[in-house]
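Below, each chain spelled out in residue letters.
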Amino acid sequence: MKPTPHESANLHVTGRAVYVDDAPSPHGCLWVHPVTSPVARGTLRYADASAARALPGVHAVLFDHDIPGDGLIGPIVHDEPLLSRGPLHFFGQPIAIVVAETRELAEQAAALVTLEIDEQPPILTIDGAIEAQDFLGTPHVIARGDIEKGLEGAEHVVHGEMRCGGQDHFYLETQAALVTPLEDSGFHILSSTQHPTEIQKMAALVLGLPANRVVCEVPRMGGGFGGKESQATQPACWAALGAWATGRPCRVRFSRHQDMAWTGKRHPFMGRYSAGFTDGKLVALKTDIYCNGGWSQDLSIPILDRAMFHTDNAYFIQDLHFQGHACRTNLPSNTAFRGFGGPQGVLVVEDAINRFAESQGLDAAQVRADSFYQEQQPTPYGQVLEGVRLRRIWKELRESSGYPERRSAEQGQGWVRSGIGFQPVKFGISFTASLLNQAGALVLVYADGSVQLNHGGTEMGQGLHSKMLKICAIELGVPQSKIRVMRTATDKVPNTSATAASSGTDLNGAAVKNACHQIRERMAKIRATMPGAPSFAQVALQCWINQVSLAASGFYATPGIGYDREAGRGTPFFYFAYGASVCEVNVNALTGEYRLVRADILHDVGDSILPGVDKGQVEGGFVQGLGWLTQEELINRPNGSAVTLGPSTYKIPSIGDIPRDFTVKLLDKAPQHGVIHGSKAVGEPPFMLAIAVLTALRHAISSFGPGPVELAVPATPEAVLRAITIQKGELPRA
Amino acid sequence: MFSLTLNGTRRHIRDVSPNTTLLDWLRERGHVGTKEGCAEGDCGACTVAIREGESWKAINSCLVPLPAMADREVLSVEGLSEPGKPLHPAQQAMVETLGSQCGYCTPGFVMSIFEAGHRPDLKGPENAWKLDDQLCGNLCRCTGYRPIRQALEQVAGTHPADGFQGQSPPIEALSYQAGEERFFRPATLEALWPLLEHHPKATLVCGATDLGLDITQKGVRFPTLISLEALPIGGLERRETGWRIGATMSLADLESAAPLPILTRMLRYFASRQIKHRATLGGNLCTASPIGDSAPVLMALGASVVLASKAGERSVLLDDFFLDYRKIDLRPGEILAYIDIPHPKPNTLRGAYKVSKRREMDISAVSAAFVVELSAGIVSSARLAYGGMAATTKRASATEAMLIGKPWNDENLELAIAALDFTPMSDHRGSAWYRTQVAGNLLRGFYAETRDTPVPELQEGHIGTVQVSGPVETQP
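These protein sequence lines map, in sequence, to chains A and B.
Per the numbering used here, the first sequence starts with residue 10, numbered consecutively.
Per the numbering used here, the second sequence starts with residue 216, numbered consecutively.
Extracted from the complex, chain A is given alone in its bound form (with noise of 0.2 Å):
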């Protein structure tokens, strides 16, 4: 059967499909520019306007003084000067906003803007904020028995150090946002963000009125991936200061080398472990986690959690101590990004099994294996797990993939070595902070028996509004060509979270359903008192004419979770997702250089929705981390600001780094109880299956030479050859 295409693929590939960068400007339309700070840390003196303000064609030049509401943002913490009050946090920071008849002169305009600056030395790496002991917020402690017996009843202890770096989520669409001023002194933006809330929240703050005054509304995004989450706002709330300031619309967008300079990226972390094992088995745990948050809080609280959360990942472990801690440094806030901070903590105990498994010349496999959760064990927050699956997918893909012979293979003599990983993943599904997990949905059902479908929820291209057609089409029983999915806008959906978390099918899906099965209910006391088997338009008109509505307003909450933070106890997750990889490469080791030649994937998406979306889910999910592990490497200056701001420097995933040999399947009959329509959310899960290739890499190079492999991360040819030449004795290990 072939799949069903993406309910926008005929304007994707018409080039039809609008962004927000493609709406018309409406008449009198201005651009938005800020002047940004060149230092990474310091403080501004002394800023002086006049020359930008005398270039004919600029409007206005806004400092913090001129913000009408309250300066201060953020998602969680209001802890971010929109235009800064002095202190300066990293390079880029935006000091004031320039509004200007067009794009080009309103960078210009703020180039003229001269800046007195005293310049301190910034801190930008984890190091150094441990160091200077400044961190952001309060650590986190999930314990669980004695971690010090635990290590010290353990057969063998292998001690690490894990570290990876940042990523840029690269979505294609930078970011972008047009704000309209209405006659009602309200503001209607154009946001590409996946938190439409959020942006009406925070421009309603900004402007000191209330959140009806201000409308956001998505389009769809070129991407998303966590980074238009929190850090959408900031543009949106400039085009929303300058509207406000000259009463015209006001529209920004950033350019590739703006958008990696300014916004966050995925947090690198490091992660100290002691690991202890008997009988080839994980039994003991302690680790010392941090990431680097950059200037403020953002979501960095949040997504140490989820590291936190994701250390055991597939594994029971008897004793254990996970502490984590978020470091401030002057950087661009990182955020959040697929996975947010689950892969970062799922590699530190996945380095510690590779790192045991190297030293004892064990099949990393078996001990992963043999470590995994049994049914009915907790989690080390305390949550019960029920519908356990890793067992089932090791099992089926073991077969499908050939992993025991082929791991038994020879790995080559020469300069060329091949290598095979496995990695199993089982991922939370829910926001962490428990009230998050509620959606809502309006459908609206015409006399003509067309149906417009509201939901909470955006579209970046992860296929939600796909899903939310065959939903809505499913539960009020007509074809889906008589739905249109309509933009997400705050007022049709108030109070909305954002589409993140993997979560968007399961809480708006919900809602969908919901409001469904109000008007169903409705239609059907209509449709008894009708003869024959009426249409589902006749009894919509019939509906009508009785003086029936035919709109509802649905809603879900996730019943049955919670977590308390300051105990490390709780249900934080509804149910969790699992899936398996297995990845081989060849090695050259006279540069570094490999190929990953094939990859097998099994995936557990529960009973899917839309197989052909959730495939592409699970494929660019694998790719993405595949990116983040093998070759997307972050680079700054000594002075913060960066290296890589596009992609001439940085370099994601191209079609060349696929393998040839790609074989994903779903998980065959895996209902999950109490999610619609018995689905699993996938977007996050698969990401971590990249793993996979680095233990490949690490078992090919562990041919050069005995004892564990010292591969850095992102594993690129340079940090190949280094582990080969380490692994060689040629090169002392660090």
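Where hints are given, some of them may not hold.
[Unchecked claim] List of simulated lysine-lysine pairs, DSBU-like, C-alpha gap at most 35 Å:
| hint | chain 1 | residue 1 | chain 2 | residue 2 |
| --- | --- | --- | --- | --- |
| 1 | A | K491 | A | K11 |
| 2 | B | K416 | B | K525 |
| 3 | A | K11 | A | K737 |
| 4 | B | K345 | B | K300 |
| 5 | A | K11 | B | K338 |
| 6 | A | K11 | B | K345 |
| 7 | A | K290 | A | K11 |
| 8 | B | K338 | B | K560 |
| 9 | B | K345 | B | K416 |
| 10 | B | K300 | A | K11 |
| 11 | A | K290 | A | K491 |
| 12 | A | K674 | A | K290 |
| 13 | B | K621 | A | K737 |
| 14 | B | K542 | B | K433 |
| 15 | B | K300 | A | K491 |
| 16 | B | K542 | B | K416 |
| 17 | A | K678 | A | K737 |
| 18 | A | K674 | B | K338 |
| 19 | A | K404 | A | K210 |
| 20 | B | K345 | A | K674 |
| 21 | A | K210 | A | K491 |
[Claimed, not checked] Sample of chain B residues with no beta-carbon within 10 Å of chain A, all distances over it, derived:
| hint | residue |
| --- | --- |
| 22 | E293 |
| 23 | D347 |
| 24 | P375 |
| 25 | F379 |
| 26 | P447 |
| 27 | K525 |
| 28 | D577 |
| 29 | R610 |
| 30 | E672 |
| 31 | T680 |
Quick caveat, the hints were computed from the structure, so don't treat them as lab data.
Cβ atoms here follow ideal geometry from the backbone N, Cα and C, with glycine treated the same way.
Knowing the structure of chain A, use the given hints to seat chain B on it.
Chain B alone, transformed into the frame defined by chain A:
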């Protein structure tokens, strides 16, 4: 004023700055299907097709100054199919395979697949590698590429009866001015010389794949541009002494003409299809980047450049053409007209290598080309040229000198590697340590690779730039 054809409609253009890119012009006029993803020619969201001869060529519209499109036929995604009518096969394939997720890169992919549909050389398993090459200039962050590759496989080389068959119009001389900015495109050398004389500060341009970056990334407004694109110096000629490559021949054309395997090997990973359609050998040499990929190959082959001016021609050995970091021996009033490559002697070993963070569409950390001539097992000549190891493309002179007169064996190979005398820099593409290691290992790989085949060709699916598995133990 000049005109071009956009999606079948003739468009007359006046009062538009010659520093306006084709992409900006399209979007400002409401053709917003073509997207900007990076404005540096690396992501391909801006891809459109231009007709050349009987085929279509995908190019990056973000890098092209608009007047360079004068007289040309441009096809953007909106022109492929009409609303309400059936989709073009390239579009249909992307729908069916679920090749679009967020859709932002999709128009660019569609245009690259459209070009592939009209390419005659993509059928069959022996051409499978060309499929990666075809799309390596289009980045997608959502799909992981598998469905897009499937869409490409469905369409490539099928010559769809889509009504886009035809012949490109001739490219004529152009003299265009908007405000104080000028763009000249002479069609003969006779017309070029007075332009060079009257506009001594003019900037020479051909495909603009490098110059376009100055416009989009540095905000440069060139007062006067002189395009060499219409000059009759774009051909390839086999002469008695060697190959003469026209400076303005596109790299894609050079790649398919394939005069020398070592050149073909370098061009495979030179850049994306879009870039290779516009970039030229002359341009690559004149930008004089120390990491330009063509220079090491040409230098190893002993190539010369022919510099032409009103006064006549002079020939300069490429070794002498690069004076310093981004400095070349090109005098006012001169252009680089041809590259002469002497026919390699039959008994020479030849190899070209490139190492970069990403295999495709990346700038090299180290590139190298080696040409070693043997007489009865003794090295009679050695030209070992490296990119990425110094401020210019540079030959390893000490190593070459050391090798000459010595047997080409394991022992001397190791001595040659030890004699490599570079102090490369550390940057985001590679550390000095890495560059030094790789420089030696490439020579080691070349030695192994040419043992049985003097001029090894690139094999599909190779693991690294060196394509042999090597000896069991390689260290002395």
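Checked hints:
1. The suggested pairing of K491(A) with K11(A) holds, with an alpha-carbon distance near 21 Å, which does not exceed 35 Å.
2. Note on K416(B) and K525(B): the hinted pairing holds, with a Cα-Cα distance of about 17 Å set against a maximum of 35 Å.
3. Restraint check for K11(A) and K737(A): not satisfied, since their Cα atoms lie roughly 51 Å apart, outside the 35 Å limit.
4. In summary, the hint linking K345(B) to K300(B) is supported, as the alpha carbons are separated by about 31 Å, within the 35 Å threshold.
5. Proposed proximity of K11(A) and K338(B) is supported: the alpha carbons are some 25 Å apart, at most 35 Å.
6. Among the hinted pairs, K11(A) with K345(B) is consistent with the structure: their alpha-carbon atoms are about 27 Å apart, no more than 35 Å.
7. At roughly 44 Å between alpha-carbon atoms, K290(A) and K11(A) are farther apart than 35 Å, so this suggested pair is violated.
8. At roughly 34 Å between alpha-carbon atoms, K338(B) and K560(B) fall within 35 Å of each other, so this suggested pair holds.
9. Using a Cα cut-off of 35 Å, the hinted pair K345(B) and K416(B) is violated, with the two alpha carbons roughly 41 Å apart.
10. For the hint pairing K300(B) with K11(A), the CA-to-CA distance comes to about 22 Å; that is within 35 Å, so the pair holds.
11. Under the criterion of a C-alpha separation no larger than 35 Å, the hint pairing K290(A) with K491(A) is inconsistent with the structure, at around 55 Å.
12. At most 35 Å may separate the alpha-carbon atoms for a hinted pair to count; K674(A) and K290(A) meet this at roughly 28 Å.
13. Between the alpha carbons of K621(B) and K737(A) the distance comes to roughly 30 Å, so the proposed pair stays at or under 35 Å and holds.
14. Between K542(B) and K433(B) the alpha-carbon distance is near 20 Å, which keeps this suggested pair within the 35 Å criterion.
15. Between K300(B) and K491(A) the alpha-carbon distance is near 21 Å, which keeps this suggested pair within the 35 Å criterion.
16. For the suggested pair K542(B) and K416(B), the alpha carbons sit about 16 Å apart, so the restraint of at most 35 Å is met.
17. For a cut-off of 35 Å, the pair hint linking K678(A) to K737(A) is broken: about 48 Å separates their Cα positions.
18. At most 35 Å may separate the alpha-carbon atoms for a hinted pair to count; K674(A) and K338(B) meet this at roughly 29 Å.
19. For a cut-off of 35 Å, the pair hint linking K404(A) to K210(A) is broken: about 49 Å separates their Cα positions.
20. Between K345(B) and K674(A) the CA atoms are separated by roughly 28 Å; this keeps the pair inside 35 Å, and the hint holds.
21. Taking the CA atoms of K210(A) and K491(A), the gap is about 34 Å. The hint holds against a cut of 35 Å.
22. Some Cβ of chain A comes within 10 Å of the Cβ of E293(B); the nearest lies about 5 Å off, and the non-interface call is violated.
23. Its closest Cβ contact with chain A, about 4 Å, brings D347(B) to no more than 10 Å, contrary to its assignment away from the interface.
24. With a closest Cβ-Cβ approach of about 15 Å to chain A, P375(B) is found to remain outside the 10 Å limit, as its non-interface label requires.
25. No beta-carbon of chain A is positioned within 10 Å of the beta-carbon of F379(B); the least distance is around 16 Å.
26. Listed as a non-interface residue, P447(B) keeps its Cβ farther than 10 Å from every Cβ of chain A; the least gap is roughly 33 Å.
27. A cut-off of 10 Å between C-beta atoms confirms that K525(B) is not in contact with chain A; the least separation is 37 Å.
28. Remark: the non-interface label on D577(B) conflicts with the geometry, its nearest Cβ contact in chain A lying 6 Å away (cut-off 10 Å).
29. Here R610(B) stays apart from chain A, with its beta-carbon at least about 21 Å from theirs, past the 10 Å limit.
30. Against the 10 Å criterion, E672(B) stays outside the reach of chain A, whose nearest CB is about 18 Å from its own CB.
31. Chain A draws T680(B) into its interface by the beta-carbon criterion, the shortest separation being 6 Å against a cut-off of 10 Å.
When the structure is compared with the earlier hints, violations turn up for hints 3, 7, 9, 11, 17, 19, 22, 23, 28 and 31 and for no others.
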